[in-house]
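Number of protein chains: 2
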Amino acid sequence: MKKIPHRIYLTEDQIPKQWYNLRADMKELPDPMLNPQNFQPVKVEDLYPVFCTELAKQELDNSTRYIDIPEELQEFYKMFRPSPLIRAYNLEKALGTPAKIYYKFEGNNTSGSHKLNSAIAQAYYAKKQGLTSLTTETGAGQWGTALAEACSYYNLPLTVYMVKCSYEQKPFRKSIIRTFDGNIIPSPSNTTNAGRSILEIDPNSTGSLGCAISEAVEKAVTTDGCKYVLGSVLNQVLLHQSIIGLESKIAMEMIDEYPDIVIGCAGGGSNLGGLIAPFMQDKLTEKANPRIIAVEPASCPSLTRGRYAYDFCDTGKITPLARMYTLGSSFIPSANHAGGLRYHGMSPILSKLYHDEYMEAISVEQTKVFEAAVFFAKHETILPAPESSHAIRGAIDEALKCKETGEAKTILFGLTGTGYFDMTAYESYLNGSMQDYIPTDKDLEKGFSCLPKIPGIQ
Amino acid sequence: MKKIPHRIYLTEDQIPKQWYNLRADMKELPDPMLNPQNFQPVKVEDLYPVFCTELAKQELDNSTRYIDIPEELQEFYKMFRPSPLIRAYNLEKALGTPAKIYYKFEGNNTSGSHKLNSAIAQAYYAKKQGLTSLTTETGAGQWGTALAEACSYYNLPLTVYMVKCSYEQKPFRKSIIRTFDGNIIPSPSNTTNAGRSILEIDPNSTGSLGCAISEAVEKAVTTDGCKYVLGSVLNQVLLHQSIIGLESKIAMEMIDEYPDIVIGCAGGGSNLGGLIAPFMQDKLTEKANPRIIAVEPASCPSLTRGRYAYDFCDTGKITPLARMYTLGSSFIPSANHAGGLRYHGMSPILSKLYHDEYMEAISVEQTKVFEAAVFFAKHETILPAPESSHAIRGAIDEALKCKETGEAKTILFGLTGTGYFDMTAYESYLNGSMQDYIPTDKDLEKGFSCLPKIPGIQ
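Chain order of the listed sequences is S and L.
Going by the numbering used here, the letters in the first sequence line up with residues 27 to 484, in that order.
Going by the numbering used here, the letters in the second sequence line up with residues 27 to 484, in that order.
Only chain S is shown next, with the shape it has when bound in the complex (with noise of 0.2 Å):
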């Protein structure tokens, strides 16, 4: 037999040309969004005042199951893709496990993650409407990185509300945003209404994903001609990010190899929901029955801590209600090192699929983490971004577990990025000062109680 490459690169011909929109094949859909005035079903033309016409569609359509990818697009994905699909083979001899194991790598753009693949997309609608600026968040930074490069590509000014905490861990974030022509403001901020009540209650917040998005999108509001974007949990980031799982199918058939585990990080659920998508889609049509596991941080644990009820996606309360698995809004999660997995909630879409038991979910320790993550790099050479590291701590695991069974099972997961960025974290790992933080039930509790009471649902 012809031993499998250890990079499996597609042509570019081969790059797909469609998004696939997983909902066109839910049994049961998300539940709606709820408007946060009267409670019902948002409509497209509600979406309007904060997101692109074109996005805002995308993000009800549940029932096109091919979207098109716009041709200048496909042109703009050939400058950083195909990426490549990667046999861990010396991962694997390390671990000595009889699994085999690849991993998608969408560490190697500039934006060090697959978080260009919706940022372009996003920064294309906005040109298009002919709008004159963008605004919006960032937790690790990642995302503000990648939305700054396509911005800069279209000659769209961008504003970047970064979480505080981040902010200061990566000073060299704010340089690269600024490189690419972005004007970056930590968050909570004085610059907005959202900001300024989160520094009342407390001076020192060290910010969350939820409230950059409150300032952000008010913002867009606030200022003519100017759209928020958004680089995670939204239904329309999944159908972007849906080009990772699509490459990685139509890579593993080259090989005759289907996973019989997909594994992911799991923040907002942008990387996990793209990657898994064509083989959510086998599952749910009974095609193959893929385990799918989601890995996320013990110190933000939405899925396997977190109530599935009706929540806003931001600290203000200024966004729809969605229905997904949340700690609350007003949770701020302790200061972790995966910056870009510190948010309350997780996309409805997900959110839906795990409580009809198409999934599993765990969650782990950051030592752990980052006991994966240097373990990965030695052997692999690649420096993985904390978040990524989590798909890599229960990447090993897995394998670790067939090792003591003895089944060669082959395991596919989602290398999201890079951690060239997240090097003071890195160091506190190895001067033995990093601290693993696990909020009680208490502390769950208080996020718990302050979920929005919704008449005759919640």
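Honestly, the hints are just simulated from the structure, not real lab data.
Hints are not guaranteed to be accurate.
Copies of the same chain are indistinguishable here, so a pair counts whether it falls within one copy or spans any two.
Under the rule of at most 25 Å between Cα atoms (straight-line distance), these lysine-lysine pairs were calculated in the DSS-like manner [what the hints assert, rightly or not]:
1) Lys435 - Lys104
2) Lys309 - Lys404
3) Lys404 - Lys472
4) Lys29 - Lys472
5) Lys119 - Lys104
6) Lys104 - Lys479
7) Lys435 - Lys309
8) Lys427 - Lys126
Go by the hints and put chain L onto chain S.
Same frame as chain S, now just chain L:
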């Protein structure tokens, strides 16, 4: 005609299985290295106290045209190679040039540069010889990172002397080298005689590659089972780096292209020597006649303003003497931001080829380099390393000449690495505080006055 893809990847089977030794085709060889004690040509056994046996042999092998890449190394190469050859469609469009611009991108591995090509080879030979530790120097930190990765893979303890000004500009380089278990010391340091004597003269010395080399060599020769390895300048390094050019040439053949101009940045010459190898072969054997251009920093202009003379490879004057373009081993370049190019000399092979007019050289100021870097980043979505950006500057200038003349020349340049650890430098460019440093003739005379006197030779 079929459109040329944005990214051209070889298949794994197409990755070269032999390195190419440029010396075998040179009409006149570089002058031999001299033993500094007796000024006699160095014999291979003279090198054994400092270098691994196999690498010492490669250093002096002027005749074997192709040298097999050991199978184990071929396997390692597959973890991060082939690197893509990229057609810069967007850069061409932004410049409005009829030129066709290609770049070989070596930055998609955790070392962030081409340095891993030689680092893993050197660690492999060291391990095979049963050595128990290695030492090296690093300027920008890319070589140090690459060697730390390689040594971690082979479980070889490593001490890295890092040029002090780079160490201070790039705090996170320390952490990434530590992640791969490397021990890192800012140079000049008080851990060696060479370091102490430099600090005695100038306690505030910002260091230089030449000085860090002295420290690393001293540490190697005074430690049992330890040898010294170097990331540039040497013939063996150019040999390993030939894989860059060999891959580039195969990829260009696949799309029926051949470069009219080949451009690389030049510090010690590792990337330039590797990139141009097969094209220089064509030139030496009169099969083709591409222009070959070295781009060096105006602050450290060894080719454009140096002397072609025998000199020490290090500041402490403990290495053999090599005939090369040099600014004098006592020349300490100003603290410009391309740490990887702050070397007083130039590869003897490249020096000879330049002396014999097989290649051209230009020098550029760093603000012009960063202007090119930011322009490139915005259009090609890759944040380049400052070193690599010298080649970008050269390529942009040649493409703009084509715009004037209307010629559709084919330009190939080497994009050696990424700038994620260079954000301090980018920040200084963005905020306008970056300054250009050009040594005066008097500065250079001072360096030349320290060139060694060799009876009957110079």
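These are the hints, each one checked on the structure:
1. Lys435 - Lys104: between (32 Å within a copy, 23 Å between copies)
2. Lys309 - Lys404: Result: close neither inside a copy nor across copies, 35 Å intra and 41 Å inter.
3. Lys404 - Lys472: Intra 41 Å, inter 45 Å, cutoff 25 Å: neither.
4. Lys29 - Lys472: neither (54 Å within a copy, 59 Å between copies)
5. Lys119 - Lys104: between (33 Å within a copy, 15 Å between copies)
6. Lys104 - Lys479: Classified as neither: same-chain Cα gap 47 Å, cross-chain 56 Å, threshold 25 Å.
7. Lys435 - Lys309: Intra 18 Å, inter 52 Å, cutoff 25 Å: intra-copy only.
8. Lys427 - Lys126: within (13 Å within a copy, 52 Å between copies)
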